[in-house]
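Taken in sequence, the protein lines are chains A and B.
Mapping to our numbering: the first sequence position 28 is 20, numbers consecutive.
Going from the second sequence to our numbering is simple: count from 1 and add 21.
Calculated directly from the structure, the hints in this document are not laboratory data.
Yeah, the Cβ is synthetic: ideal placement off N, Cα and C, and Gly gets one too.
Please note: incorrect hints may appear among the correct ones.
[To be verified] Here are the simulated distance ranges between beta carbons:
#1 A/Thr98 <-> B/Ala59: 20 to 28 Å
#2 B/Gln62 <-> A/Asn22: 25 to 33 Å
#3 B/Pro91 <-> A/Pro0: 38 to 46 Å
#4 B/Glu92 <-> A/Glu6: 44 to 52 Å
#5 B/Gly49 <-> A/Ser17: 33 to 41 Å
#6 B/Asn72 <-> A/Asn46: 32 to 40 Å
[Said to hold, decoys possible] If you want the footprint, here are the derived chain A segments under chain B, 3+ residues with CB under 8 Å:
#7 8 to 20
#8 51 to 63
[Claimed, not checked] Some chain B residues well away from chain A (every beta-carbon gap over 12 Å; in silico):
#9 Arg30
#10 Val33
#11 Gly63
#12 Pro64
#13 Glu65
#14 Glu73
#15 Ser83
#16 Arg85
#17 Pro91
#18 Gln105
#19 Ser108
#20 Ala114
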Amino acid sequence: DAKTTQPPSMDCAEGRAANLPCNHSTISGNEYVYWYRQIHSQGPQYIIHGLKNNETNEMASLIITEDRKSSTLILPHATLRDTAVYYCIVRLNNNDMRFGAGTRLTVKP
Amino acid sequence: GAGVSQSPRYKVAKRGQDVALRCDPISGHVSLFWYQQALGQGPEFLTYFQNEAQLDKSGLPSDRFFAERPEGSVSTLKIQRTQQEDSAVYLCASSSGPRGVNSPLHFGNGTRLTVT
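Next up, chain A with everything else stripped away, as it sits in the complex (with noise of 0.2 Å):
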């Protein structure tokens, strides 16, 4: 599977939208992109996943890049409870997750 590489932290100010980027260059024709994120003490929470449209749920949406090499994560009006550790993860139909570093983001009153 694909490598991701995303900053390693970030911040964002409550209410605000947060914008997670995240790089897949070597990503091929069917690796999907998810999204995951862990909240201190928890499993990884699924958020949404895309192959090469946007997409768009009630939690976040995908945008993608027409060359697939990199895509973001927008939370469109982050709260406190958004603080997480957030991953960006290319995956192989249903092989298992390869993990990263993730990015650390904080979410400021």
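Given chain A's structure and the hints, the job is docking chain B onto it.
Below, chain B without anything else, positioned relative to chain A:
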């Protein structure tokens, strides 16, 4: 319950003891995964089951680690002769599809193992 359930939530073992960690996946989920998460790091893959068949155990760090899912539902991860380096959070995840089908993994909250 609706989610993946793991027990115990916390386990303290003396070095050399054997431990057994239990995972109850979401009902009907075909795929089950075990991960190990060291402090401050992302989860690392250990092993994968499709129903009762263990199709991938490439991530198990040594032959002291053994996993089973005999009836294709509940799974147990066993660690024999625990060592201090085994201290970590052990996460279980399940998904509805088999390999080759794209479906999200749903994780439990893990078992925190501390070996003293």
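Quiz item: Taking 20 to 28 Å as the hint, is the beta-carbon distance of A/Thr98 and B/Ala59 inside that range?
Solution: holds, 22 Å
Quiz item: If you check the beta carbons of B/Asn72 and A/Asn46, does the distance land in 32 to 40 Å?
Solution: holds, 35 Å
Exercise. Take the C-beta atom of B/Pro91 and the C-beta atom of A/Pro0, compute their distance, and say whether it sits inside 38 to 46 Å.
Key: Taking Cβ atoms as reference, B/Pro91 and A/Pro0 lie about 41 Å apart, which means the hint holds.
Quiz prompt | Least C-beta distance from B/Glu73 to chain A larger than 12 Å | solution = About 17 Å separates B/Glu73 from the closest Cβ of chain A, which puts it past 12 Å; holds.
Quiz item: Is the gap between the beta carbons of B/Gly49 and A/Ser17 within 33 to 41 Å?
Solution: holds, 37 Å
Quiz item: Looking at B/Arg85 again, its CB stays over 12 Å from all of chain A?
Solution: holds, 21 Å
Practice problem: With a C-beta cutoff of 8 Å, work out whether three or more residues of the segment 8 to 20 of chain A approach chain B closely enough for the coverage to hold. | Solution: It is violated, with 0 qualifying residues against the three required.
Quiz item: Does B/Ser108 sit more than 12 Å from chain A, CB to CB?
Solution: At about 16 Å from chain A, B/Ser108 clears the 12 Å cut-off, so the statement holds.
Quiz prompt | Assertion that B/Ala114 lies farther than 12 Å from chain A (Cβ) | solution = The claim breaks: B/Ala114 does not keep its Cβ more than 12 Å from every Cβ of chain A (closest is about 8 Å).
Quiz item: Taking C-beta pairs only, is B/Glu65 more than 12 Å away from all of chain A?
Solution: violated, 7 Å
Quiz item: Can we trust that B/Pro64 is non-interface, i.e. its beta-carbon lies farther than 12 Å from all of chain A?
Solution: It is violated; B/Pro64 is separated from chain A by about 5 Å at its closest Cβ, not greater than 12 Å.
Quiz item: Would you say B/Arg30 is clear of chain A, with no C-beta pair closer than or equal to 12 Å?
Solution: violated, 10 Å
Of the numbered hints given earlier, the model fails hints 7, 8, 9, 11, 12, 13, 20; all others are met.
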